[in-house]
Amino acid sequence: MNILERKKKPLPKLWLAIRFPCISLNALGLIGNEAEPFAVIEKHKVVCVNDKSFAEGARVGMDRTTAQLMSACECKERDKQREADLLQQLCACAYDFTPYIETCIPNQIAEAGLLLEIAGSLELFNGLESITCLIREAFDDVGYPYELGIAHTSKSAWLLSFQPDLILETQANHRFIEQLNTLPVQLLHGYPKTIESLEKTGFVTLGDLSRQISVQSISTIKKRFGADFAKELTEIFGIDQDFQQNSLFEKPAEVFQPEELFSSFIQLEYTTNNTEFLKWPVEVLLQRLTEFLRKRQLGCQRIEWTLSDIHKQKEILSVYCDTPQSQWELLYKLTMIQLEGKELPFEVDTIMLVCPHTLSLQVQSHILNFSGQLSQKNNEELTITLAKLSALLGERSITKLTYRNSWLPEEANIEIPYHAKNNVSIPPGYRKFFKPTWLLPTPSTIEIRAKGLYWHGYLNLLSSPRRIRSRWREQPVSRDYYLASRYDSSRLWIFKDNFSRQWYVHGVFV
Amino acid sequence: MSLYYCTCKQYTVELMETPPIEPQNPVSLDNLLGRGDIWVGQAKRSVAKATIASGNNELDKVLAGGWPLGSLLEICQEGSLHAEWSLLASALANQSGSIFLIDPPFVPFGATLAELGIDLNRLYIVRTSSKALFVSAVVELAKSSQCGALLAWQPKGILLYAELRKILLACADGTGIYALFRPSGARKESSPAGLRIIAGIEGRDLTLTVFKQRGMLENHDTVVRLGLSEKVDGHLPLNQLHEIQLPGIPQIATPAHRLTNVIPLRRR
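Same order as they appear, the protein sequences are chains A and B. Counted the way the working numbering counts, the first sequence spans residues 1228 to 1737. Counted the way the working numbering counts, the second sequence spans residues 1292 to 1559.
Since the hints were derived computationally from the structure, they do not count as laboratory data. Treat the hints with care, since some could be wrong.
In silico BS3-like cross-links for lysine-lysine, where the CA-CA straight-line distance does not exceed 25 Å [claimed, not checked]: (1) A:Lys1427 to A:Lys1449; (2) B:Lys1352 to A:Lys1560; (3) B:Lys1422 to A:Lys1569.
Turn these sequences into a full structure, and let the hints guide you.
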């Protein structure tokens, strides 16, 4: 009967926001309370400063030079990918308390946070006060500064994290709304233009907007400030807009899927430095991995072997595949190629296999292959050939080409490890450009002699210049590229640096 | 005769390395003589090896169909010429499988190669630190069925005949393009490669001289001229001549100076 009652009356949602105001610093390995001043920069503007830098006068929004003049701070470039990775790790930490976890990454500010739906966890953790206390303890251990906010909607919880008082004694919506009403409209970071017009028309706090909605209706806000802003307000206050039973049309809370890591080890009966004796444990561990992958419909491209001896000395081997594997055979061959080409530095006691990253086999697209398993077999053969070469020459000896979006040829055309993902789409600007077949890794200086330019022989220019300008924000680069010929009829790609007036050879045509 | 003996011996060693199950091709004199890489003292005999079009009809005619597949091709380049892509790009674009560059002199410029039709996803660059590793890498790759083309540049040190022979045997089992680029001085050295060419440049032409071709003695020292691409031919628009100031070279007349020589037309 109790279960039926619960099904009829779903628990009202309760959100807890955990905001990390210094996540851009944290992602770069800083806490915020360092003795040295630091600032995080994005597009030459300061987006986050540590305590020391703040105390010396650096502020968010300043340009890099002003911040450095104020606090002599060390500037670090913002890394959004690392911030996203850190947020995923923090999600795993919050997963101890609820499976309903969303991430909040506003575009306008360099802050981010987690939104936890905790209504279903209150009973398990003995109430709101107790769960909040436990969450605080967990995130205190993590060590990054954070702020909490609790409210009836996720957006209002996020906004309430900007004010210090936390409501723990009641879960009534009106108490949250009362607190929301005291917040300034500037906290609606996603609507800078609307905030400007709100301030001009006398709306200072969210309470002013709330009163306007209760006196008239949300439609007046919609008319004056747009549908998007009106929708944002309904989501903040939890207003039923058009429907009698809004909860029926409510977006279900997102369920967090923690990343699963495969790790397994075998302790050998006797220590050995003979690769032959490692064949069996390697096979067993790989079969365990296959079982793990098969059950979850996953594949993996990289595995890591850790060999250790009784004194805890370690040797790590990484094995890569071009295509995701869910079977053990190819991984076994690749592992043995590496082991056979290696002299073990100690008597191995324990062998451990870790698969740090997996990917779903279902979401991959496959090319239709009417010739049976030929393509897959070819891929396997290529992978084995590359692994053999890698074992013979060293991993760094095999590379492939990739493109980066840059106008400077030496920055655009680079070599990366063969197993890394490469970008082969040529930037549009390069398609029209006349370019050589070979590029010198670094431009070679041309000697200026009385008779003309000299680089292993005198050079004659054969074409008009093509100008490349780049890095106008940092150290500007301006080069005029020419086709030149030498006494032996070689065709070279040379350029004149328009700032240093120096000539360089940068490529070879034939 | 001594060369023939040496060949048989090496081939036997190759076979011994394979597992001794039931030999599908038992070693017999007929089988050995059937190999395309064994000289049997005849000036001309049918070249059964597959070829791939080079992209130039005249060259294809001289090469009896195009660049040979499954055979070692040696290109000796004069001076500091780098005609690798001019010669092989067309064939590489049409050849399936991966392309391996072993010890290339510089970094290939991907944008140009993509324009020439070469898929950068199939291109791998391999760098070796010694001659022994170079030979091992070439042999390993030539034996792989996934190697569609192998372009190798001679490492420091002289490649011995035995090392070249080892490479040749590995290439003979494959179906790819296997090219070894060497300096022009290597022409005087003996090499078992099936096709040996000297590449040079004369004015606006790339010249290829075939000085060894298996089974085609009449092609000895045949010269093929390939026109350079218009892009590298070079042209300097007259209106921009004055803008380029080369140090040490007297400045070319400025537009103002040139205009003084022009007599304006007047209506009568």
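When the structure is checked against the list of hints, which entries are broken? Sort them ascending. Failing hint: just 2.
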